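Q: Protein chains in written order, with our numbering: chain R, 850 to 1876; chain G, 2 to 375.
Calculated from the structure, these hints are not laboratory results. All figures in this text were calculated on a predicted structure; none of them were measured in a lab. One thing to keep in mind: the hints can contain errors.
As the list claims (entries may be wrong) - For lysine-lysine, the following BS3-like pairs were computed, each having C-alpha atoms within a straight-line distance of at most 30 Å: (1) G:Lys166 to R:Lys1175; (2) R:Lys1175 to G:Lys267; (3) R:Lys1092 to G:Lys52; (4) R:Lys1093 to G:Lys352; (5) R:Lys1172 to G:Lys365; (6) G:Lys365 to R:Lys1093; (7) G:Lys52 to R:Lys1172; (8) R:Lys1084 to G:Lys52; (9) G:Lys52 to G:Lys166; (10) R:Lys1175 to G:Lys352; (11) R:Lys894 to R:Lys917; (12) G:Lys52 to R:Lys1175; (13) G:Lys366 to R:Lys1172.
Listed below, chain by chain, are the residues.
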Amino acid sequence: MNNYPYTRFLALLVLIAQSFICTSLQAQSNLDDKSDAQLVAELKKRMETSLIEARPIMLELVERLKDKPERESYLFLIGLSYQDEFAESSNNQSLTMAVEYYNRYLNDFPAGNRVDFVRFNLAGAYADLQNYDEAIKFYQVTYRRSNNAVYRSESRNRMASLYIRSGQASAGVPLFLEVFNAALLNPELRAQAAAWLIQGYLANNQSDAIVPYLRYLAGRYEAIYDPAFNITLLKSGDDLFEKKDYDQAILLYSFVKGRGEIIRFYEVLIAELQQKVRYVSPESDQFIVVDGQLKAAEARLAAVKEIRAYNVDLKWRIARVYKETKRTWESLWAFVHLYEDFPEHEHVEDFLFTAYSEAIEIGDDTMAEALAEAYMAEDSFIKYEAQVIPGLARMYADDRRYEKLMKLVNDYMQAPKNFSVAAQLVNVVCSYYMVGAEYQNVREFAEGTRDRFASKEPLYEASRYWSGLSYLLLADYVRASNSMALFIDAYSRQSVFYEDTYYRYAVALFGEQKMADAEAQFIRFVDTYPQSNLRGEAELYVGDLMRSRGALEDAASRYRSVPQFTDNAAFIAKGVFALAEVLEELGQPQEAVDELEAYAKKYGQEAQLSEAYYRIGMIFDRLGRLGDRFQIHSMAIKELIGNVSGYAVDELIRSYVTDHGRYETSFADSLKLIGRLVDDAAFRKKFLTDRSHQYQFMQSAEGIYVDKELAYLLIRDRAFRNKIIETEPKLDPETGKPLPLNDAAVTEAMAIKELSELEEFFESKAASIASYAPKLLFSELLSTGSDSEELIQRMRSHMALDMLSAETAPPRYDWDELAIAPPAVIIWEAAKHRETRPEATKELYQIILDKHPYSNSVYDALLALGDLTFDTAQQTGVDEDWREALRYYDVITERFALRSKTATAHLRKGRILSELSRDEEAIQVLGQILRNPAWKGLDHAKAHLELGRAYRRQGKLDEAHGFFERLIVAYGGYAETVSWAYYYDMLTLEAMNETESVRQLVEEYKTRSAVLSNTEAYPLIDEKYAL
Amino acid sequence: MHSRPYNLPRFSAALICCVWSLCATATSAQDLNLPRLPQVATPSDTFTLSKPIAITDTNKNTQLLVGMENGQLRLSFPNMPGAEAIVPIDGDEFIISAQVPAGYNRLLNEYQLGNLGTFITGLQETAEPLAGFLMIPPENTNFHSIFIRYYEAIVTAGRLEDAAKLTNRMPWGQLPQEYIALSERLVYRSIEDREFQQTQKLLSLLFQSLTEESFAGIAFRVADTLRAEGNHELAAMVYGSLALSEDSILRQKSLLWAGYSRAVSKDADGARNILNQVQVLERSDENFLTYCLALGRLGYAEDNISDGLRHLSRAMVLTAVDATFKPELYYLLSVGYWESGNRIAADRLAKEFSIFYPENPWLKKYQADYANTL
């Protein structure tokens, strides 16, 4: 790089040299023939054009002037001429001759006038001959001995650069340090010296030593733009990078100038130097320097233009250093810029993907998304599709951007190139639906991909998993267990879905009420996956199953283990509650209370406190410790009533009000009955001895609420009855007078004494709850909760007080207030408006859906909304109204399938779908009811009826008849439904031309008319078939 | 209001839409009430010297320079007492020379040797009266060659007060570039000595006297230094003054820095208000770097470290090591990594920072604030 010809700039010295030529020489046309004067004249003439042309004359003169001092200038000029010749021809032979003449000069004239000049040029010639040691030697002498500052500094600088050029940078360090120390007031030279030092230390593997010099590399100094220097930095940086010395590597990279920068720098520098050289006298020392700089700059520019652009490599290295050193943000941008700036680079896809990965690492979703979309926009980018596409899908899903998600997924699914990617997309989409509890959509999507891509693994596997799960969540247990059993059979534990499916399969069996199978599968699951996150929940199920078959101790043990295997607060609570129930069943009520109290204490605010207190109270209740029950419940209510999202307190309030009222009435009626038994001997006798009277009394308003314990004593407990039924004195057959009673006889006094004790007992019971009267409690809470901050307390108190009243209470709160009310209060208040303002009431229910999505009241709200819209649709018959109602029932049947105690929503949904002529879907929904054993009974009966009707509408009369017939046979107890079944079956059979069957059916109906004559269908059948 | 996280010109326009809104410049820079450099008195072009200067004219005649009147020279003649002539300063063939003091060459030698005290003392009487006449073009007088060395000497020697006095008398609007470079050195010197009042006066004078371009050429670098020394208020005045520029690029840059300064003072709303005056910039825009810096600093002011890091890291990878604000950027980015919990990156960056800028106040501040183990 530094290899610019030293000789060329010395040609200018011809003019200087001319002045040394001896003027006494004679001009001659033939050199031998010419006199010295002629030769000199000829020499002058030739030198005006070329020193090379003048050389023969000089050689002749040197020959003639043997041993004479005049020879000195000619030896020098001959050396120069050979250097000029080298400049033109690049022939090293010329340089060798120059070296020879310069050496002769130094030998013959060691103190000659031009000795500095000669040494300087000799060093240059050696440098051009790449004899760097000799070159350095002569520069060294010049640098140390010359009296001329220009020679000294130029020799020093050239010597320094030769150390670099000759690969001896390490050896040059002492000299570089000298230059650096001498350059304190010369920033340009200081930068140069710093650059040399850096190269020297790097060559010596002393990368730490460069640090103090790096700061001098700022500014527009040629040294910093020297291509060789920059390549040294780059290569050294690479070496350090490979050694994972990233800190030092980036130091060097930071100072490397790009090829374009260097070219621009030299273009400007050359222009400046060209201008400068014009204004410097060619005879001045300054000219030598400037011209040398110009030639060097030109050489460097030419050289750097030959270099392949390394900017991208450099930037890539820097970006990798950022990445390796966890400077993630800088890494991100560095790769973004690489992607933007080098779109044609062979690794551009890697650049973009790395940037994307860094954005993911940082958690910058917006950036990651932009980069992923950029990646997707490049048709040729496929290498990282497997990461980018699912990643992008997840981002859309996380932000709930459904349309974008589905566009991406559907586009890919049209012709998936990679079934692993496709499987991930299925997971993302199904997870998306799961978040919104859109289980029907999970089912449709997963079934779709399952059926389209059978055996295309792992896409098929994912689709099978999700479809199976959707069946379970939709309470379609039969399908779920079938599907999951097949999955378990088809895959092994290698499958990521296996563990979950293995567990869900047990849940499905449980749903099917195949208890033994379910228990066995849960136990297999627990044994196979003892560390599973699902274990806590599994233990709960096992406990329930054991409990259901009476293995209470085993069940208790399972429930106790739940907290060991889960952190899920809901499961822990369920476990404790179930444990308490089992302990109670085992006759250990106090232990049950202890467990519940320990739970409340351990989990504090994290616990389901309302529920726990409720259960403790109810255990007391069952023990007959009513005072204790209402005490703990009232305390819990007082503590929890103000928490708007403590939904369970509403249930506590409801049971408190209802039960207290029930007990109050019961005790009052019981005491009244006992009072009559005490006071009214005739009544006592009749009540205790006349079973018919007794029955009628207990069914009357006076008796119906009488305490069951009392009723038992008075009606069934023989021992007690024996103590209160007075012994009838036997009459003396002779006198007709009563005979004296024996010792075992019961007298009126004895009976009254017993009854009085009973009266006291019930009085004490009534007294035990008297101080917990709801009116008292909630009036107090209402008054203390009058501050606006305690609005929630006030609302719940009002609700409780309203419940106490037989009258419908007036609306208490306006819409704005209800907007912040607990959901149970909203439901309560909404009911007051439902008849009169159905549309406005919908807003209230909507508040629950929006603000309290996790409360139990959501189900009530959805049902209410469904019912309201169903009523509207029934009135209008407009499809859109049916569809609106359907939307609510869709949500209920999807989200609450596992929780619904009845099939009302499914039935209504089936009905709506029929109204919308979507019978296939109706059949599907109604079929689901039949597959849920929990809904056996009336719901199944209704489902049969609706299924028959749906098939009938479809013209599938055989199927329709089948459903009606099964209903008639199996569900005879449900008169209303069965009556409709007869009606529709008759119509169906008639349409099937089964006249005899119709006749038989009518006859059969007649035999049951005593039960069926009050049903809605009866008049229709009577009218058509003349019963 | 969303912040504009980044621009990726090759990416979809949708991204651009979701980010920093392109508020129209409903509020002008004038209405933002940005602090500005206060007005100061500028030298008059009409004055009388307390002691006339002996000069020689084009014809080598000795005359007395009495003062100036409306930018023209007032000369009196030793042989014609009471007579005065008003001479334009840039007439053809007009040459005017001050008489150098005895031993001038010796003084110059002292100057070369760095004996500035001797030089200043020796030249003071000759050089100082020339300050008011520097509007004479250099080719028409030797005033400049005498004065500029003197001025450089007092600036270099750190005679802040003397330099400031002279500076106040110099016609900055008409001085060559060399003087402006010296004025910048003087300003730095005043910052170094923490004579911020002096710094403010000098900046005000230069702002009023120099062309906007010349002033901007030094002002942003000076403001970087002011921030490094903790004087954000004065830096904000510089930006506020330049924010009134007619040059849209300069105005934009000033607003960005003004927003940056406001963010430093923890007034996030104020900063956003200012930055809303600037449109969304792309990487190819001249002020993009400053834009990234300002948005990054705003992120910090809004306690959104992630947003701050996003912009500052981009500025970092786009900034050369010799940029005057680079140390501050190192500081901010190190802080961001630290605060975001990425201690590895923070330490790496801080190590690099200490190598590149071992003496920088920002490094010392980082070391003090974050007690790292550098």
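Q: Can the restraint linking R:Lys1172 and G:Lys365 be considered satisfied, given a maximum Cα separation of 30 Å?
A: holds (26 Å)
Q: Regarding the pair G:Lys166 and R:Lys1175, is the alpha-carbon distance no greater than 30 Å?
A: violated (53 Å)
Q: Decide if the proposed pair is consistent with the structure: G:Lys52 and R:Lys1175, CA atoms, cutoff 30 Å inclusive.
A: Violated. G:Lys52 to R:Lys1175 sits at ~69 Å, over the 30 Å cutoff.
Q: Given the proposed pairing of R:Lys1084 with G:Lys52, does the C-alpha separation stay at or below 30 Å?
A: Between R:Lys1084 and G:Lys52 the Cα gap is close to 66 Å, so the pair fails against 30 Å, i.e. violated.
Q: Take a quick look at whether R:Lys1092 and G:Lys52 sit within 30 Å of each other, Cα to Cα.
A: With a Cα-Cα distance of about 73 Å, the restraint between R:Lys1092 and G:Lys52 is violated, given a limit of 30 Å.
Q: Are R:Lys894 and R:Lys917 close enough, with their CA atoms no more than 30 Å apart?
A: With Cα atoms ~23 Å apart, R:Lys894 and R:Lys917 stay inside 30 Å; holds.
Q: Quickly compare the C-alpha distance for R:Lys1093 and G:Lys352 to 30 Å and report which way the hint goes.
A: At roughly 16 Å apart (the allowed maximum being 30 Å), G:Lys352 and R:Lys1093 satisfy the hint.
Q: Is the straight-line distance between the alpha-carbon of R:Lys1175 and that of G:Lys352 30 Å or less?
A: holds (14 Å)
Q: Taking 30 Å as the top limit, are the C-alpha atoms of G:Lys365 and R:Lys1093 close enough?
A: It holds: about 28 Å lies between the C-alpha atoms, which stays within 30 Å.
Q: For the pair supplied as a hint, G:Lys52 and R:Lys1172, confirm whether the alpha-carbon distance does not exceed 30 Å.
A: Roughly 70 Å separates the two Cα atoms, so the pair is violated.
Q: So if I understand the rule, the pair passes when the alpha-carbon distance is 30 Å or less; does G:Lys52 with G:Lys166 pass?
A: holds (18 Å)
Q: Does G:Lys267 sit within 30 Å of R:Lys1175, going by the straight-line distance between their CA atoms?
A: Cα-Cα ~29 Å, so holds.
Of the numbered hints given earlier, the model fails hints 1, 3, 7, 8 and 12; all others are met.
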